[in-house]
Amino acid sequence: MSATALKVRVKLRARHPLVAYAFRRTAIAVLLIALVSLIVFAATEVLPGNAADQILGRGATAAQKAQLTRQLGLDRPLLAQYGSWIFGVLHGDFGQSLASGEPVSTFIAGRLGNSLILAIGALIVMIPISVVLGTLSGVRRGRPVDHAVSGVSLALIALPEFVSGTILAVVFGVTLAVLPPTSIIPVGSSPLTDPKILILPILTLCFAGSAYIIRMLRAGVVEAMASEYVQAARLNGVPEGRVVRRHALRNALAPTVQVVALTLQWLVGGIVVTETVFAYPGLGQGLVQAVTARDIPVVQGITVLLASFYILVNLAADMTVIILVPKLRTEL
Amino acid sequence: MSEPLLQVSDLLVTTVAGDPVLDHVSVEVGRAESIGLVGESGSGKTALAHAMLGFARPGLRLSGGSVRIAGEELLTKSETDLRALRGRKVSYVPQDPATSLNPSMRIGDQLREICRIHGRQTETEEIIPTVLGRVDLPSDRQFQRRFPHQLSGGQKQRVAIAIALACDPPLIVLDEPTTGLDVVTQAVILQEVRRIQRELDVSLVYVSHDLAAVAAVADRVVVMYAGSIVESAATDVLVARPRHPYSRGLVSSVPDHRRARRLRGIPGVAPAVDDHPVGCVFGPRCELFTDACAAEQPSLVALSSDHWVRCIRSEDTPPPTSEPRLAAPGLAADMEPILRVQELVADYRSRGIPFTAVDRVSFIAQPGECLALVGESGSGKTTIARCIVGLHQPSGGTIAFDSRRLQPSARRRSLEQRRRIQIVFQNPYESLNPKRTIRDAVSWPARALRGCSRQQAEQEVATLLDRVRLPAGLAQRYPGELSGGERQRVAIARALAARPDLLVCDEVTSALDVSVQAATLDLLRELQTELSLTMLFITHDLGVVASVADRVIVLERGSLQEEGDVLEILRAPAQPYTRRLVEAAPSLMATENGLPSPADVP
Amino acid sequence: MIAASQPRLRRNSQTLTSSWPTRISLVVVVLLLLLVIFGPLLTPHSPTAELGPPFARPSSAFPLGTDYAGEDVLSRVLVGGRSVILIGGIATVIGYLIGGVIGLVAGYQRGLTDSILMRGMDALLAFPPIIFLLLLATGFGNSLTALTLGIALIHVPGVARIVRTAALETSVRGYVEAALARGDRVRVILRREILPNIWGPIVADGGPRFTVSILLVAAVNFLGLGIAPPNADWALMISENRSGLTLNPLSVLVPAFMIAALTVSLNLLADQIARAHGSSVDVQAMRR
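Residue numbers (numbering that gives the first Met the number 0), protein chains in the order written: chain R, 0 to 331; chain C, 0 to 601; chain P, 0 to 287.
Since the hints were made in silico from the structure, they are not lab data. There could be a bad hint or two in this list.
Only part of the chain P face toward chain R is listed, based on derived beta-carbon distances under 8 angstroms [unchecked claim]:
no.	residue
1	Met-120
2	Pro-127
3	Leu-135
4	Ala-136
5	Thr-137
6	Leu-224
7	Ala-227
8	Leu-265
9	Asn-266
Sample of chain R residues with no beta-carbon within 12 angstroms of chain C, all distances over it, derived [unchecked claim]:
no.	residue
10	His-15
11	Leu-17
12	Leu-78
13	Gly-100
14	Pro-143
15	Val-144
16	Gly-150
17	Ser-189
18	Leu-202
19	Val-229
20	Pro-238
21	Leu-311
Just so we're clear, the structure is a prediction, and the values are computed from it rather than from any experiment. Glycine included, C-beta positions come from ideal geometry on N, C-alpha and C.
Same shape as in the complex, but just chain R (with noise of 0.2 angstroms):
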C-alpha cells in the first residue's frame, strides 16, 4: 500500500472509527457474498451430465442434447458460466427453472413472502416469551423457576424440526382434528387468507427455536449478574430490581443482539425443513423440490438469497453491537 494511502488509512481509522470500521464490514460481507456465490455456481455444476439431460430426459439424443447444449451456452468454459449467472443476478435475473421454464426470480418472488409471513409470525410469537423466560431464568439462576426453564429448553432444543412438527401433525391435525395436519393452499393466493394452516408450522418452529434462545440469552445474562459491578452496586446499596435492570441486563443488551442475529440465521435453515413437513409453499420447501428435481438455476438463486441474507443479518449484528457497547469503539 503507498504511503499516502497508508496515511489517509490511518487518518479516517483514527478520526472516524466507527465509519471505517462500517466501511471494513461491509467491504468483507460483500466479498463473502462474491464468494459464496462463487462455491454455489462451483457445487452445482460438478456433476458430469448437465441441465441439458435434466430437461430433455432420458430419451433424447445425443444430438439434440448437443443442440441444447450450445442453445444453453453450457458448452462455454465453466468461468464465462458464472460471469454471466452473476451478471444476470446483479440485474434480477436468475435464470430459468429446468422444471418449470418460469423465471427464477417469478418463482422466489411467489414464494418469498410465504416464507418471510411464517419468519415474522414465527419471531413474534418467539422472541417475547423467549427474551421473558431467558432472562427470568438467568436473573434467577439456580432456583425453581432456572430448573424448569433450563431443563425443558434442553431437551427442545435437540428435539429435531421434523419430530416436532410430526408430532404435532399428529397430535392436532389427525387424533384431535382441529387444525390441517398440512399447510397446502392453493397457488398464488396468500397463507393469510386461511392463517389456521400457519399454526402448526409456526408452532413446530417456536419450539425449538425458543429453546435456542432462551439458553443462550441465560447465558448472557448469568454471566452480567456474576460480574463485579453487579457485586460492587449491591455493596453499595443499590436496590436489587435496580441492580438487575441497569447494571446486569443492560450489559446483557450486547449478548442478546447476538442471540437475536443467531436465531435468524437459525431460522434460515429451520424453514426448510418445517415447510417441508406441513408442505408450506414457501422458499425452503421451494429449494427442496429443487435440489430434488436437480433443477439447478432454481437451486443457486435460492441458495444464494439465502446465504446472502445469512451474511447481512451477521453485518447487523456487529454493527449493532458496536453501537451499543461503548467501551468496544476503543479497541477498534
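Following the hints, put chains C and P in place on chain R, whose structure we already have.
Relative to the frame of chain R, chains C and P by itself:
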C-alpha cells in the same frame, strides 16, 4: 466514653460446607478513627470487610455473632433494609475499579444513582462536584459524561472513592484500593485517603496485605491470620515491637528500601479453611510453640489499654529480625562482564502501530552479582529480560553473553548458551504445565539441555527440590496441588536443573503473599551466593531491590535513568525520576510526615 | 493451598451419574449404541423385504405393523439408527481432524498464518448448514460420502475456533514460554506442553457437536436427499410413511420417538460433560 461507631462481636462466617472463614472475630472502630486490617491470603480480611456491610459473597454465610453500626444490628436486617444502609451509614470502596464500575454507565450517572437511592436527588448538583473535588478529579460536565474505560487506573479508583463519599457515611471500608496501581499513583491515593479522613472526620477501615500501605493510613493496625485476629495495636507500636509471633514474622518480611536487611519469611503454609489445627491456629508454624499452645485456641489478652494479643507466650516474642543482607559471592572484580547489553532497542506493535518499549539501553552485569532492573509498568524492564532470554526480537543493539554475541531468537542460539541462561516468570499459576508431574517438569531441562538420560535427570530431582527447601515427596504431585509459593520454588528448581550461570527473575515474587515473598527472596539470595550465580532481577518494588540486589538500573518508559550501587542510589538518588520513585515507595520506617526516622540507617 | 486433583476418570464417571436425568440419558445412549451394533442380528425379518400389505396394523407377525411398502416396521426400526449415528460420528471425527489441525496451527503460529486461516473459516461460516448440504446434494446427488464430508466441513470452522482459542491461551502461558526460552523444538512443545492442555475444551465441545451432526444427517435423510430407499433410516421412515399416518401411525411415530430419544439424551449428556469442564452447551453455541 462514647459508643464505638462499628462494633463487631463474635462474628462467625462460614463456607456453605460449614468451615470457618471468620472464627468468632470481635473488633471495634470508634468515631473518626482509622484502622488497618492486615492479613495474607486466607486470613479472612475481605470476608470481614464485607461483613461490616452485612454482606457475604456467594459461597459464604454470615452464621453467627453481631455487627452493629451506630447501634443498628446488621445481621438481623432484611436485604432491603441492608441496601438502604449501605452507602448511607457505611460504604465500600472495592478492590479493582476496572471491573467494579458499570462499563455502560457514565461517571456522573453512577454518582447520581447513589444520591438518588438515598433520597438526595434534589442535592445532586451540589454533591457531585463537591465529592469529585474531594478526590481531586475535575467536576465539569464533560468529565462526568465519561465512561469508565476512558479513565486511567488511578482516576477509576478515585471515582470509586467519590461514590463511597457521596452520601456522607460516617464509616468507609476500603478493600485493597491500591492493588494494580503503580507506585507513584498508589502513594498519591494513600495520601488522599488520609487527607479525606482527617478533613471529613470519617472512620476508615483499610484492608490490605501490604503492611507498609496500611501503616501510612491507619492509626491502629489489626493483624489477621486464618480467620482470627491475632494482634491489635497502635500502628507505631505494632511496627516497632509486635508481640504475636505471626505479626513479628510479617513485619520481618516486609521489604523496605530504607532498611536493607535480610528477609526471612515464615516457615510453613497457612492452613486451609477445612484443616485448622487443634489449639493455636498459628502453632504449627511458630518457633515459640509449646504443648500448652496445642491445648486450645488462646483468647485475645490485653497487654495494655489498646494492645491486644492472642498468644500465651507473647512476652517471649523477640523483636523483628534485622540481620544484614547476605554478601555477594565476591568474585574477582577484574573479570569480564558476563552479560553486556549495548544500545538495545525493542518495539511492540499494537493494532498495527509500532511503539518503542526499549530505547537504546546499555548496561553490563558482572559474574556473581545480582543486578536489579527497576521501573514501573511500561518501563521496558520485562522486554529487556525477554530479549536477553531470546523470547523477543530486538530491533537494534546487541546482547553479548560471556563475550559472545547472542542470536536474537532462543532457537538459534547454541545449546550451551541456552543452558547457561535461564528464566523464572512472574505468574506462579502459569509457570508449570498442569498436566505434568513436578518430577517431569524439573527433570526435563537436564534432559533437553545437558543431554542427561531420563534416569540421571530424575535422580537429580530430589537434590534440586531440597535445594529450594521443598520436601522430596512433592515430586510425584501435580502443580494443581501446590500453593503459589511452592510452585514458584519448583520453577526455580527447574531453572537450576540446567546448571545455569545467569538466572533471570521476572517479577517472580510480585504475585506472592508478603511472607512467602520474603522466604522466596531469601532462598534466591542464598542460592545465588552458594552457586555463584549471576542474577538479573526484574521488579517494580524498591524494597525488594534493597534486600536482594547489589547493583540497580532504573528505567523509565524504555530509557535508562540511573544505575549504580543499590545502597547508594536508594540513599541518595541523583535523577528526578528515581527520586520520585524512592519517595513514593511505601516504607514502614516512614513516619506520618514522610520523613525517615533515625532508626533507618542500615 | 489447593486440594489434590482427583484422577480424571473418577471425576468423569461422577459427572455422568450425578442426577436422574443424566443417568437415564446415559442408559438410553448406551442402549441405542448397542442397537447400532447388534440391531441387524435381532431383526425378525429382513428390513427391506416387502412381506405384507402396506400400512398393516400391528400383529403377531409384524409387532409394529408394516410401512408404505409392506416392509416390517420393527425390523426397519432396529436397523434404522445405524446410518444416522455412523455418518454423524464419522463426520464429526473428520471435522475434528481437519478443524483441529487448522486451529492448532493458527493458534500456535499466530500472525499472518492465523489471519489467513481464520478468514478462510469465516468464509465457510457464511453458509446456513442445511442449505450447504442441500447444495452438495444438488451437485453430487444422493451421495453419502458428500453428505459426510459436507457435515465435516460444517464443523471445521467451529472446531478450528475452539482449538485455536485453546492453543492461543496455552501458548502464552509461562510454561510454554519457558520451553521457548529453552529452545525446545516446535514439535516437542506441541506434544509436551500444548496438546495435553487443550483436551478439556475439545471434550466439552465434542458432545454437542456430535448431536448437531446427527440432527443434520437426520434432516437430510428426512428430506429424501441422503439415504435412499429401500434402506431403512429413522428420519427417512418418518417422511416415507407420512401418507399412512391414519392407517398405521406407528410407522411414523416409532422412528420419530427413536430419533427424539437419541438426540435429547445425547444433548443432556453432552451438557453435563461440558459443564464438568467449565462451560455449557449454550456457551458453545454462542461461541460458534
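Now the hints, each set against the structure:
With its C-beta approaching chain R no nearer than about 12 angstroms, P:Met-120 sits outside the 8 angstroms limit, and its interface hint is violated. A hinted interface residue such as P:Pro-127 counts as satisfied when its beta carbon comes closer than 8 angstroms to some beta carbon of chain R; here the least separation is about 4 angstroms, so the hint holds. At its closest, the beta carbon of P:Leu-135 sits 6 angstroms from a beta carbon of chain R; the interface hint therefore holds under the 8 angstroms criterion. With a cut of 8 angstroms, the hint placing P:Ala-136 at the interface with chain R holds, because the nearest CB-to-CB distance is about 5 angstroms.
A least Cβ separation of about 5 angstroms between P:Thr-137 and chain R falls short of the 8 angstroms threshold, and the interface hint therefore holds. For the restraint placing P:Leu-224 at the interface with chain R, the shortest Cβ-Cβ distance is roughly 6 angstroms, inside the 8 angstroms limit, so the hint holds. For P:Ala-227, the shortest C-beta to C-beta distance to chain R is roughly 12 angstroms, which exceeds 8 angstroms, and the interface hint is violated. Hint status for P:Leu-265 relative to chain R: holds, with the closest Cβ pair at about 7 angstroms, below 8 angstroms.
Hint on P:Asn-266 holds. Least Cβ distance to chain R is approximately 4 angstroms, under the 8 angstroms limit. Taking the minimum C-beta to C-beta distance to chain C, about 16 angstroms, the non-interface status of R:His-15 holds against the 12 angstroms cut. Annotated as non-interface, R:Leu-17 keeps its C-beta farther than 12 angstroms from every C-beta of chain C; the closest such distance is 15 angstroms. With a closest Cβ-Cβ approach of about 35 angstroms to chain C, R:Leu-78 is found to remain outside the 12 angstroms limit, as its non-interface label requires.
Residue-level check passed: R:Gly-100 sits 54 angstroms from the nearest beta carbon of chain C, beyond 12 angstroms. R:Pro-143, annotated as away from the interface, keeps every beta carbon of chain C farther than 12 angstroms; the closest lies near 18 angstroms. For R:Val-144, the requirement that its beta carbon stay farther than 12 angstroms from each beta carbon of chain C is met, with the minimum near 18 angstroms. With 12 angstroms as the threshold on Cβ separation, the claim that R:Gly-150 sits away from chain C holds: the shortest Cβ distance comes to roughly 22 angstroms.
Once the 12 angstroms rule is applied to beta carbons, R:Ser-189 is consistent with being away from chain C; the minimum gap is 43 angstroms. Listed as outside the interface, R:Leu-202 is consistent with that label: its C-beta sits roughly 37 angstroms from the nearest C-beta of chain C, beyond the 12 angstroms cut-off. In this structure R:Val-229 is not separated from chain C by more than 12 angstroms, as the shortest Cβ-Cβ distance comes to only about 8 angstroms. A beta-carbon of chain C comes within 12 angstroms of the beta-carbon of R:Pro-238; the shortest separation is about 5 angstroms.
With a least CB separation of 27 angstroms from chain C, R:Leu-311 remains clear of the 12 angstroms interface cut-off, as annotated.
Comparing the model with each numbered hint stated earlier shows that hints 1, 7, 19 and 20 do not hold.
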